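Q: Spelled out from the first residue to the last, the chains are:
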Amino acid sequence: MQSNAQSGNVSTQRGPMSLRRRKSLLLMAQHWQLYLLLLFPLANLIVFKYIPIAGLQMAFKDFRVSKGVWGSPWVGMKHFINFFTAPNFWTIISNTIIISLYTIIASFPFAIVLAIGMNELVSSKARKTVQFLTYAPYFISTVVLVSMMMQMFDPRIGILTKLIKVFGYTGDNVFGSPTAFRHLYVWSGVWQQTGYNAIIYLAALTSINVELYDAARVDGCSKWQRIWHIDLPGIRPTVIILLILNMGYIMSVGFEKVYLMQNPMNLEASEIISTYVYRIGLINSNFSFSTAIGFFNSVINLILMLTVNKVAQKVGETSLW
Amino acid sequence: MMKEKKRIVLVLLLLVCILFTVAAQGKSEVKKSGEVTVTPVGTYPVVSEPVSLTFLTMQPVYIEDFNTNKFAQYWSEKTGVTIKWETIPRDAVKEKLNIILASGDYPDVFFGVGSQEQGIGASQEMTYGVQEQMFLPLNDLIDKYMPNLSKLLDERPGSRQFLTAPDGNIYSLPDFNECYHCSMSQKMFIYEPWLDALGLSMPTTTEEFYKVLVAFRDLDPNGNGKKDEIPLAGAISGWNNNIETYLINSFVYTNIDASLDASVNSAVGFYRDGDTIKTMVDSPEYKEALRYLAKLYGEGLVYPASFSQNSDQLTQLIEGPEQPIVGVVAGGYGGMFSIVGGERYRNYKPMAPLKGPNGAQFARYFLQAPVIGNVAISKDCKNPAVVARMVDFLYSDEGTLMSNYGFEGEGWRWAEANDFGLDGNPAIYRLLKPWNDMDPQNDCFVMLGVRSNTSRIRNGEAVDPNVDLYSPEGLEALLFQKTQELYEPYGHPEYEIPTLRFLEDEEQAFASKRLAYANYVRQSLVKFITGTWNVDANWNEYLQGLERLDQKGILALNQKAYDRQSGAN
Amino acid sequence: MVKRHSFSDLSFDIVNRIFLLFCTLVVLYPIVYILSSSFSSANAIIAGKVWLWPVELSTNAYKAVFRNKQVGTGYMNSIIYTAGGTTISVVLTIAAAYPLSRKFLPGRKFFTGMFIFTMLFSGGLIPTYFVVRSVGLIDSRWAIILPNALSVWNLMVTLTYFRTSLAEEMFEAAVIEGASDLRILVSIVLPLSQAIIAVIALYYAIGIWNSYFDALIYLKSSSKFPLQIILRNILIMNQTDLSMGADLVAMARRQGMADVMKYALIVISSAPLLMVYPFVQKYFVKGVMLGSVKG
Chain C
1 MQSNAQSGNV STQRGPMSLR RRKSLLLMAQ HWQLYLLLLF PLANLIVFKY IPIAGLQMAF
61 KDFRVSKGVW GSPWVGMKHF INFFTAPNFW TIISNTIIIS LYTIIASFPF AIVLAIGMNE
121 LVSSKARKTV QFLTYAPYFI STVVLVSMMM QMFDPRIGIL TKLIKVFGYT GDNVFGSPTA
181 FRHLYVWSGV WQQTGYNAII YLAALTSINV ELYDAARVDG CSKWQRIWHI DLPGIRPTVI
241 ILLILNMGYI MSVGFEKVYL MQNPMNLEAS EIISTYVYRI GLINSNFSFS TAIGFFNSVI
301 NLILMLTVNK VAQKVGETSL W
Chain E
1 MMKEKKRIVL VLLLLVCILF TVAAQGKSEV KKSGEVTVTP VGTYPVVSEP VSLTFLTMQP
61 VYIEDFNTNK FAQYWSEKTG VTIKWETIPR DAVKEKLNII LASGDYPDVF FGVGSQEQGI
121 GASQEMTYGV QEQMFLPLND LIDKYMPNLS KLLDERPGSR QFLTAPDGNI YSLPDFNECY
181 HCSMSQKMFI YEPWLDALGL SMPTTTEEFY KVLVAFRDLD PNGNGKKDEI PLAGAISGWN
241 NNIETYLINS FVYTNIDASL DASVNSAVGF YRDGDTIKTM VDSPEYKEAL RYLAKLYGEG
301 LVYPASFSQN SDQLTQLIEG PEQPIVGVVA GGYGGMFSIV GGERYRNYKP MAPLKGPNGA
361 QFARYFLQAP VIGNVAISKD CKNPAVVARM VDFLYSDEGT LMSNYGFEGE GWRWAEANDF
421 GLDGNPAIYR LLKPWNDMDP QNDCFVMLGV RSNTSRIRNG EAVDPNVDLY SPEGLEALLF
481 QKTQELYEPY GHPEYEIPTL RFLEDEEQAF ASKRLAYANY VRQSLVKFIT GTWNVDANWN
541 EYLQGLERLD QKGILALNQK AYDRQSGAN
Chain H
1 MVKRHSFSDL SFDIVNRIFL LFCTLVVLYP IVYILSSSFS SANAIIAGKV WLWPVELSTN
61 AYKAVFRNKQ VGTGYMNSII YTAGGTTISV VLTIAAAYPL SRKFLPGRKF FTGMFIFTML
121 FSGGLIPTYF VVRSVGLIDS RWAIILPNAL SVWNLMVTLT YFRTSLAEEM FEAAVIEGAS
181 DLRILVSIVL PLSQAIIAVI ALYYAIGIWN SYFDALIYLK SSSKFPLQII LRNILIMNQT
241 DLSMGADLVA MARRQGMADV MKYALIVISS APLLMVYPFV QKYFVKGVML GSVKG
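Residue numbers (our numbering), protein chains in the order written: chain C, 1 to 321; chain E, 1 to 569; chain H, 1 to 295.
Incorrect hints may appear among the rest.
Said to hold, decoys possible - For lysine-lysine, the following DSS-like pairs were computed, each having C-alpha atoms within a straight-line distance of at most 30 Å: (1) K94/E x K67/C; (2) K125/C x K220/H; (3) K227/E x K162/C; (4) K70/E x K382/E; (5) K355/E x K278/E; (6) K49/H x K162/C; (7) K109/H x K84/E; (8) K103/H x K310/C; (9) K433/E x K382/E; (10) K94/E x K355/E; (11) K355/E x K211/E; (12) K94/E x K220/H; (13) K162/C x K295/E; (14) K84/E x K67/C.
Claimed, not checked - Pair by pair, the computed Cβ-Cβ distance ranges are: (15) S52/E x Y29/H: 37 to 47 Å; (16) E86/E x G178/H: 54 to 64 Å; (17) F84/C x V71/H: 40 to 50 Å; (18) T73/H x L198/E: 53 to 63 Å; (19) K552/E x S221/H: 47 to 57 Å; (20) G254/C x S48/E: 51 to 61 Å; (21) L101/C x V32/H: 28 to 38 Å; (22) Y29/H x L219/E: 57 to 67 Å; (23) E86/E x G84/H: 18 to 28 Å; (24) P284/E x V71/H: 58 to 68 Å; (25) L101/C x D13/H: 32 to 42 Å; (26) P54/H x E506/E: 36 to 46 Å.
Derived by calculation from the structure, the hints in this document are not laboratory data.
Given the structure is predicted, the values throughout are model-derived calculations rather than measurements.
For every residue, glycine included, the Cβ atom is placed at its ideal position computed from N, Cα and C.
All chains, please: the whole structure from these sequences, using the hints.
A: Below you can see the structure in the form of structure tokens.
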């Protein structure tokens with residue numbers, strides 16, 4: 001509980017190792033409460049996440065129940081090669097990545113704009129209503145969502161079919177079109193999740209120092225200027241972090257929605273990693289294979305995330321570390 | 001400083017890891033009963049002293065509680081075996097069962113979690129039976145203790161081979177569920193009032209069919225002055241809602257199904273010619289079939305969304321509009337595209353297979369094979385003979401009827417002299433309560449477990465001779481009669497390949513190839529029909545694609561597995 | 001009040017309101033559609049007759065669901081899991097985010113990295129199952145709450161918030177006054193972080209309420225099942241697999257029931273979460289930071 005004249009960053013020491021080390025140990029001892037706090041989530045992490053990670057070795061083995069995870073025989077890269085040499089491997093990977101990137105690019109702006117827009121509403125009743133309504137679609141189950149989409153794009157009577165006819169499309173077979181598949185998938189996702197995603201930006205907006213707004217008003221800023229110069233920069237750290245985090249899920253496109261939308265006509269765009277793994281049918285009898293694929297996905301996700309994180313750092317933005 | 005601390009933390013982590021995984025290897029041992037002797041075959045109870053067994057099963061909505069289920073209790077008392085039930089939610093069978101199998105924590109008996117529930121199937125038998133020897137081989141048990149089952153197997157030549165894994169052992173007991181109308185369920189239905197309105201007769205050849213479709217399209221059969229008729233429609237998912245299979249069978253026998261969910265083994269055009277496995281997807285007859293279908297599609301006779309919509313939307317197409325607008329529709333039965341008993345439903349009449357230009361006329365046949373994986377015995381079970389004896393009861397007529405419908409006098413009764421079954425023969429039993437697999441009940445097992453629901457039994461259900469065939473109650477009778485009348489002459493079970501079993505390395509080597517091949521065949525089929533590909537201009541390209549995806553290799557694999565299976569006994 | 005930009009401000013308001021109106025309508029129609037469908041008859045749904053209002057008004061779908069005795073226990077269990085789980089998760093998240101947000105903390109990057117690593121890499125279902133089993137949590141309610149108690153995503157979001165929204169000067173002031181780390185947490189960080197705590201609490205609550213997979217895998221006793229499993233069970237059973245040759249007569253009678261029920265289930269299972277939201281909304285209020293930084 002001693003007060004330490006040094007707060008904030010530890011200044012770089014050019015002294016001998018022992019001095020730096022002593023300083024760190026001192027800091028650690030001073031802030032033992034922080035470590036105590038950290039202990040609980042760490043324990044949970046180690047038990048439920050790190051110990052199972054030992055199971056990742058199954059990706060390099062042929063799992064045998066009778067021998068357990070540790071005793072099963074090593075097979076090296078066999079499962080990975082199996083995966084990489086699948087005839088449509090590149091199609092699967094590219095479809096997955098395209099959908100993910102498209103989703104990220106489409107959803108980010110909308111969530112931000114919606115949050116800012118809601119924040120600017122003067123009437124708190126209106127604001128709460130809009131928040132509430134836009135947040136509701138998140139709860140619609142995937143099955144119903146796809147079924148509603150199919151209704152709305154029904155070739156004869158779908159409302160959205162009528163809309164696209166105005167733009168010159170025939171609308172005969174929207175769900176059969178590979179290009180339409182990507183748009184349908186992404187924009188239905190945007191529709192469903194924008195309200196939910198906007199919540200975090202709303203919270204970030206509330207933390208912006210009110211004195212900044214006062215200053216802006218005194219300076220005579222218009223609303224547009226205020227948003228551009230205060231709101232957006234204020235939520236920028238949140239946006240960047242969320243962007244980086246999203247990169248960590250690029251390969252992990254969910255299974256259900258794509259599966260429901262797939263058919264032989266749009267397959268060239270709709271076959272992704274998770275549906276491939278499902279259809280190949282090996283998951284349940286060959287855990288090594290599915291572990292290997294999961295491992296591969298994780299590695300790619302890691303690389304992408306670290307890359308974007310590095311870029312963010314270089315550009316002077318917030319980053320994960 | 002940092003490095004040292006890091007090292008300490010890492011060492012600690014490693015220690016903890018090791019500790020935990022070592023602990024995880026140990027399992028708590030469940031005290032199991034010792035071995036007891038079984039009573040002579042055919043007598044009950046099956047044991048001379050009390051014994052207790054653990055049964056792992058799934059919890060369906062239609063059974064309230066296994067512990068108080070009346071049939072479960074009856075079975076337990078009759079056989080003298082106390083059953084300790086453990087359940088998995090039905091939703092979780094696929095994942096949870098496989099976890100349990102992988103964990104080595106086995107009950108005495110796996111009951112009712114067979115391949116139809118995505119539980120124990122051929123690959124699980126291969127892994128946990130053949131490879132790991134965690135399932136007991138059952139061959140001797142069947143021969144020694146299961147006369148009912150043995151009789152059923154003897155009556156069905158080839159069924160033992162079907163149950164046998166490549167190492168010569170049978171690792172699970174099957175559930176028999178033979179549905180006659182399901183065996184030729186790729187049906188096409190036509191809206192009869194339109195035929196009447198236009199003075200046309202039921203088409204019997206592909207040429208007549210084409211003319212009828214054109215007439216439907218152009219002559220306004222629904223009489224509303226609008227050209228809104230859709231001559232032919234189908235769906236890509238839904239039981240046999242796909243249109244291509246029925247029509248291709250008028251050119252060459254095929255089991256091809258454009259739907260992505262269809263089996264990659266048995267619905268991609270492989271068929272059996274004697275003992276040789278062949279494919280028809282590169283044959284000239286198939287080319288002609290595609291030409292015909294492309295012509296239909298190109299002339300606007302086929303609803304474009306037929307290859308991308310599901311059966312819900314197809315149903316809306318049939319039931320939704322004020323006036324009927326669909327002329328011909330595909331489905332396993334009318335309920336796949338309309339409301340059973342409703343007005344539209346009544347007017348869609350099943351069509352016999354059409355005769356093609358070269359005289360071909362086939363009905364796609366679905367083998368009604370027993371469903372494997374419904375009883376498996378763990379190698380740790382001390383009383384496998386007891387299990388065999390008690391399960392054999394379920395294969396008797398009485399056992400099956402009780403398991404399905406409940407107690408005699410309550411859910412069903414034995415038939416009387418003037419009761420006749422679906423097939424016109426004297427009936428075996430009459431149902432007293434309507435069969436229901438939706439609501440929770442606690443009298444019987446309904447569909448769970450093993451039974452001998454053979455065609456003999458199913459067709460032995462007494463029916464009211466005057467039942468309105470097009471009502472919900474008359475559905476089974478309708479399907480039976482129409483299948484027999486219209487499709488039976490063209491059914492050729494000998495062309496179908498029984499489900500093949502593959503070795504683990506075969507699976508691993510071919511799994512992705514088979515999937516890619518199946519996808520390609522299906523996508524190409526649709527491309528040819530919709531006109532993206534031209535039957536003449538792109539045919540060679542198509543053939544090259546088949547070759548590139550190693551059609552030869554896949555055929556050879558199937559042949560190898562078939563030879564292995566049909567030779568084995 | 002400076003009126004200099006009144007025109008551009010007005011144009012902003014108009015554009016904003018049109019935009020928000022658009023968003024609301026786009027979202028409103030499908031919501032009304034779902035509500036209406038849930039109150040329509042099975043036949044109306046099969047025939048695709050529902051467009052905006054219920055057709056052939058019927059509460060059969062709701063009756064079919066509530067008739068099942070397990071729905072009540074399902075609700076209770078879900079409430080327990082959600083309330084308990086959210087609390088634990090939020091506590092753990094803050095317990096990790098706060099220390100990691102202090103820039104001077106030795107090992108900060110290492111620990112942050114440890115957390116992030118688990119977001120990307122996972123041992124998979126089987127190893128996790130083995131661990132849960134060896135810790136003795138099979139068929140325990142804790143199996144729903146503990147294994148996924150900490151979402152690294154939420155942690156990172158909270159961490160970012162702490163790092164960027166809490167001014168360094170406040171910490172310095174508190175330290176000078178002799179406050180301990182815990183004291184700082186309780187009297188400065190928490191009160192100023194109401195918005196972010198509300199957000200992650202909401203996100204956790206939604207995640208737990210909607211989850212079913214963990215319960216499916218780890219629970220055996222149906223008395224502990226959360227609502228989602230029970231609802232899914234009901235839905236699945238109304239969709240008998242035809243290819244197994246099930247009795248078509250029973251199927252025919254229940255035709256379309258599954259379709260209507262899907263809509264009713266959405267309403268039933270999401271209603272509680274939707275009702276909770278207004279309580280959380282009040283934390284998204286401007287001016288929380290007012291007066292917190294002394295000159």
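Q: Could one say that the CB atoms of K552/E and S221/H fall in the range 47 to 57 Å?
A: Holds: the Cβ-Cβ distance is about 53 Å, inside 47 to 57 Å.
Q: That 36 to 46 Å hint for P54/H and E506/E (C-beta), does it hold up?
A: 55 Å, violated
Q: Has the given pair, K433/E with K382/E, been kept, meaning a C-alpha gap of at most 30 Å?
A: Not OK: K433/E and K382/E at ~39 Å, beyond 30 Å, violated.
Q: Keeping to a limit of 30 Å between CA atoms, is the pair of K125/C and K220/H held or broken?
A: The hint is violated at about 45 Å.
Q: Would the hint linking K70/E and K382/E be met if the CA-CA limit is 30 Å?
A: Given that 30 Å is the threshold and the Cα spacing comes to 26 Å, the pair holds.
Q: For the pair supplied as a hint, K49/H and K162/C, is the alpha-carbon distance within the 30 Å limit?
A: Status holds; Cα separation ~18 Å.
Q: Take a quick look at whether K84/E and K67/C sit within 30 Å of each other, Cα to Cα.
A: 28 Å, holds
Q: Mind checking the hinted window 40 to 50 Å against the Cβ distance between F84/C and V71/H?
A: 47 Å, holds
Q: With respect to the beta-carbon atoms only, verify the hint that E86/E and G178/H lie 54 to 64 Å apart.
A: 60 Å, holds
Q: Would the hint linking K162/C and K295/E be met if the CA-CA limit is 30 Å?
A: 28 Å, holds
Q: Compare the distance between the alpha carbons of K355/E and K278/E with 30 Å, and conclude whether the hinted pair is satisfied.
A: 23 Å, holds
Q: Quick check: does the Cβ-Cβ distance between P284/E and V71/H fall within 58 to 68 Å?
A: Since P284/E and V71/H have Cβ atoms about 59 Å apart, the given range 58 to 68 Å holds.
Hints 2, 7, 9, 10, 15, 22 and 26 from the list above are not met by this structure, while the remaining hints are.
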